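Order-wise, the sequence lines are chains A and B.
Residues in the first sequence are numbered from 1 upward in steps of one, following our numbering.
Residues in the second sequence are numbered from 1 upward in steps of one, following our numbering.
These aren't lab readings, by the way, just hints derived from the structure by calculation.
Given the structure is predicted, the values throughout are model-derived calculations rather than measurements.
A few of these clues could be false.
Stated by the list, open to error - Here are the computed distance ranges between Cβ atoms for each label pair:
hint : chain 1 : residue 1 : chain 2 : residue 2 : range
1    : A       : Pro117    : B       : Asn160    : 49 to 59 angstroms
2    : B       : Thr159    : A       : Gly15     : 44 to 54 angstroms
3    : A       : Ser42     : B       : Asp124    : 23 to 33 angstroms
For glycine and all other residues, C-beta sits at the position ideal for the given N, C-alpha and C.
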Amino acid sequence: MAAIYSLFIINKSGGLIFYKDYGSAGRMDTNDSLRVASLWHSMHAISQQLSPTVGCSGIELLEADAFDLHCFQSLTGTKFFVVCEPGTQHMEALLKVIYELYTDYVLKNPFYEMEMPIRCELFDLNLSQALQKDRVALLGR
Amino acid sequence: MQFFGGSDISPSPPAPTAAGHNANVMYMFNRNGVCLFYREWNRPLRTLNPQQDHKLMFGLLFSLKSLTAKMDPTSADKGNLGVPQLPGQGCSFHSFRTNTYKLSFMESPSGIKIILVTHPRTGDLREALKYIYSLYVEYVTKNPVYAPGSPIRCDLFNTNLDQYVRSIS
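Please work from the sequences and hints to get the whole structure.
The structure is reproduced here in structure tokens:
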């Protein structure tokens with residue numbers, strides 16, 4: 001029973017650089033995932049415009065009927081967002097862990113080009129391990 | 001889905017928790033995107049003029065609904081992105097939160113959208129929005145002078161709304 005349905009990483013221009021689906025019925029093909037990522041990038045920006053007070057940094061949590069979407073934006077504008085079951089706890093912490101993995105295995109990889117799709121084996125490996133640990137911890141509770 | 005069961009004409013309002021925090025802003029739109037109602041109680045920052053602000057808000061909601069319908073992880077067969085969804089069709093969102101505000105959204109089966117912008121630590125306002133919808137039904141739709149699709153100018157609606165919003169935490 002997956003608590004997380006999918007993970008997206010988008011670069012600062014809104015382009016999708018990483019998409020992994022963890023077993024949802026609504027798995028999207030490449031084109032749809034690209035469209036959804038760009039749409040999210042724009043929605044995130046527009047939500048800052050509509051804030052009633054200053055200092056808004058965009059949507060952090062979107063609650064829908066069938067899922068929750070948690071989003072983390074780094075200081076450089078890279079966005080990590082995860083689609084999970086409604087009410088899943090500790091997604092912010094998980095997103096920070098994923099960010100750390102990104103900095104270690106993607107950004108420090110000398111062959112990785114900035115803003116390009118991520119094709120780093122070590123990142124995939126460690127990401128699966130981190131999510132597996134998270135899943136075990138959740139089920140264990 | 002957001003259809004309301006029960007036969008209450010006007011359900012009793014949810015018990016108010018610690019009072020003192022008002023909502024910031026409220027919008028109401030009909031299914032054509034006409035802004036029927038806009039009310040602000042606490043809005044220090046206004047980035048756009050009112051017309052643009054309303055259009056932007058409606059556009060944001062339309063696109064977010066389209067996004068959630070497409071991203072729904074529980075249904076395999078979905079339309080294409082950007083296809084307008086009927087009220088109640090497809091997975092819709094009920095709230096989103098940023099670091100400075102929380103936006104709660106409700107769409108009635110007739111396409112009336114109610115949006116409440118509050119401080120970020122507000123709880124689940126779905127019941128509150130249903131109550132506001134019942135206020136709309138009582139004081140606006142049942143008002144013989146009110147023309148559907150036009151901006152709401154009903155004093156009774158305003159006073160009851162203000163009174164209720166004061167009790168939301």
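**Asked** Are there hints from earlier that the structure breaks, and if so, what are their numbers?
**Response** none
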